[in-house]
Amino acid sequence: MVNKRMLRSVLFTLLLCVLLVGTGQAQNSQQVIRNLPPMAVLDVQYSPDGRYIARVYAQGRLEVLEAASNRTVLEDTVALPHPLQRAKVDWSPTGDQLAAGIGAQIYIWDVGTTQLLETINAGGSEPLVYFEDGSFIPEGFVSLQWNSTGLLLMAKSMSSRFTIWSKDQLVFIVDQVTGNNPVPIVWLADDRHISNGTSVFDIQDPTSRFIPRQGQPLEGVLNNCGPYSSIATNANRTLIVQATIYDCIVITDAFTGDEIGGYQISEILSLYENDLELIEHMNPIWDVSWSPDESVIIAVDSQGAVRVVDIATGSVTLIAQQSGPLYAVDWADTNTAIAYGGSTLGEDTVFATVSVAEVDRLMMSAARQPEFAITPAADR
Amino acid sequence: MREREGKRRASYVRDKRAGLAESGFLEVSDPGVYPTFTLAPRPASGNLNYTDAEYFIVEVQANAYSTATSYLDTITLRYQGTLPTPTPTATPTVTPTNTLTPTTTPVPSYNIRYSNELGQTSSNWSVDETGYIQTAVQTVGEAFQIQLNTSTPQNAFNRVLTNGADPQYVYFFKAEGNSSNVTIFYPTELSKPNFAVTVAVGGCLTVNNNGLPRTVVCNWGTQPGQSAPYPIHAIVHELGHVFTNRSIISSTDTHESTRGLLYAALHGTFSGNCTPAFAPINNPDPFAGMVFSESACETINDLRNADGLVMGIIASTSSWVRGERGWGSGPDNVFTPFQQHPLDVFPSDPPDTQVDETAADMFLNWVYRRRTNNPPTYQTTVPGTWEGFSNQQWLNNAAGGDDFNYPGDARFEWMNRVMNQIYSLKGW
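Protein chains in written order, with the working numbering: chain A, 201 to 580; chain B, 5 to 432.
By construction, these hints were calculated from the structure, which means they are not laboratory data. Cβ coordinates follow ideal geometry from the N, Cα and C atoms, glycine included. Some hints here could point you the wrong way.
[Said to hold, decoys possible] Quick partial rundown of chain B residues pointing at chain A, CB under 8 Å, derived from the structure:
| no. | residue |
| --- | --- |
| 1 | N277 |
| 2 | C278 |
| 3 | A283 |
| 4 | S297 |
| 5 | T303 |
| 6 | G312 |
| 7 | L313 |
| 8 | S320 |
| 9 | N400 |
Could you build the full structure based on these sequences and the hints that come with them?
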């Protein structure tokens, strides 16, 4: 126990160095920039047919690999003044186009011809975004997602610029700054609503506001889980999964806002003695992804763990443990493999794929119970 | 002749003959600068200008009397003629007395003591300084009076901050401002040990040490830079620390049981993890039905809901934001009246200090706005006509600007909910 605590303490200290200071450079005594190591993988996604993997690095580099051979079929590097903290990629539903949000721009590629089709300015005008904790974060994207038809591309930048770009009209049909807190968002099933989990935006509502929903919370989630750090939807976008800074995964009905499942997948917080010890427990889950059959959710966190949660039982399985923080994970729509990425403590790239067969084997042999689990009702 | 405008202390002295507050007399004072004088009967309602005052033209906008609000008239003073020479108010003597401003009224006194009372003659508050303390205590008492609907601010102050304590008063200890090493001496009758603390020259500190009187120490010297630039606000901030300590309850949560409910509430925003007293599941949700509907025990959001963070954790970085919007004054790289512990002035504060000091500054802003925006209004005025939480922003230490996302209202509503919960749980 002591060794585990010491290890956690060391890991957390190092994590803080990465997250709070990291490679951050003080431009002057008044300006602290929060960013990530240039070689950190910030997002990863399989193409719908599972043939390709797209990944984007903090340094602004985009790569598309052939999944079977790891051969690079597309690469491009955007010159940036600072390494990024957030960047996103998203394949169109047909898989022929790839959107990559890097810096203040969204780049749309035709992967078959490796042609850059569009460059869309969907970020802020400044390369650095100021936050009220006194830090600056390089402009980037916290959300980037096509709607189900591939005709509308939604994006949200670190500067909280929220846009929806029409592929047909080549214009923004929504373009506004939503606030100062870039909460990640997702499309819902009807291609009309967009949600951050607690509020919903209707693209046909002239008020152009995210309207809060009064969904039913789950006992235990609020007292233990903390704010949300990442979001994803299931395949048909009727369920939202959000992960939190204290290692929780929460499933929400996308339209009612009711929390229907909640899991805390590591130590609970109730025994902390002081503020520092509480903060030690902070372990943001930076990305989550559903399995195509919606039975399992996979998560990666700031302490380098790759874990899957069985939704029905709440059991948790550690798939991999890396030394540095992980920022991206994706479960292939073809249900053949998962891919994840991040960085080592030495600031090198972490990127790996694991077959679903191996994930299943580990789940059979090494699953354990979570700290708490509230599973969705079977008769839903 | 020169003329200036300013708001100064004005209060009503109960008319003994009538026995009703409504027929009291208006008393105007500017502690330590101008003499206190009783001006005239309070008008029943409406506006009234007094032009026969010796030093002032007094414009009174009398608000209707309410048992819930007492009086919160708008008083504007225009100085006329040559500014007068300050007339010292009575210096507190060594005679043990609860009365700070002797009056002929039966109003109870504030349960406070100065270090130059009770035999501590080596530690003398100046006349000006006692005026600052008196005003601060009165201000806090008035806010509590509104909150608790008590007959007097003294009753409210004593009920919240001193009743049941041992000893039953807040002790104000004056250090001489020549060293940061301060030893607090307690009156011999208390049989309390001396207590050594470190207080920056020019600064104040509150001792909430079990077994000792709750003590506000100010280490103020006579040279420039050796005293607080906003001494009244500094004292109210320190009384916020006293309040935080007084809000300790018996609880399984260590913050609630060792630091106090106000600390626990602020810590909810700091960690994103709510304590039992403020968590909606285990208790009636104190944040239910708010105007700022996505504010809760873990975050204060503005008009933009989850996208508009006033105080709490940034979603994309998991870092806490005390915030540069919604305070009564700013920016936070200098001392201003309503940020007595500004973040950029103390960048190396450990986490618990950040939480504790933010709690005291939130208390300070709440006290002033509670007095001057009663009943509370939200999303009506930018930046606002009250004191305390203001709908302004000072981003990145820039000059202040109007903020139409109402961050001051969001902070105020959040604090009202927190304070209601604290008073309820404490039974005040």
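We went through each hint and held it up to the structure:
1. Below 8 Å, beta-carbon pairs count as interface contacts, and N277 (chain B) has one with chain A at about 5 Å; its hint therefore holds.
2. With its C-beta approaching chain A no nearer than about 6 Å, C278 (chain B) sits inside the 8 Å limit, and its interface hint holds.
3. For A283 (chain B), the shortest C-beta to C-beta distance to chain A is roughly 5 Å, which falls under 8 Å, so the interface hint holds.
4. Given hint, S297 (chain B) at the interface with chain A, holds; its Cβ is 5 Å from that chain's nearest Cβ, closer than 8 Å.
5. For T303 (chain B), the shortest C-beta to C-beta distance to chain A is roughly 7 Å, which falls under 8 Å, so the interface hint holds.
6. Taken as an interface hint, G312 (chain B) checks out: its beta carbon lies about 4 Å from the nearest beta carbon of chain A, inside 8 Å.
7. Given the 8 Å rule on beta carbons, the hint for L313 (chain B) holds: about 4 Å separates it from the nearest Cβ of chain A.
8. Restraint check, S320 (chain B) versus chain A: the minimum CB separation of about 5 Å is within 8 Å; hint holds.
9. A least Cβ separation of about 5 Å between N400 (chain B) and chain A falls short of the 8 Å threshold, and the interface hint therefore holds.
Of the numbered hints stated above, none is contradicted by the structure.
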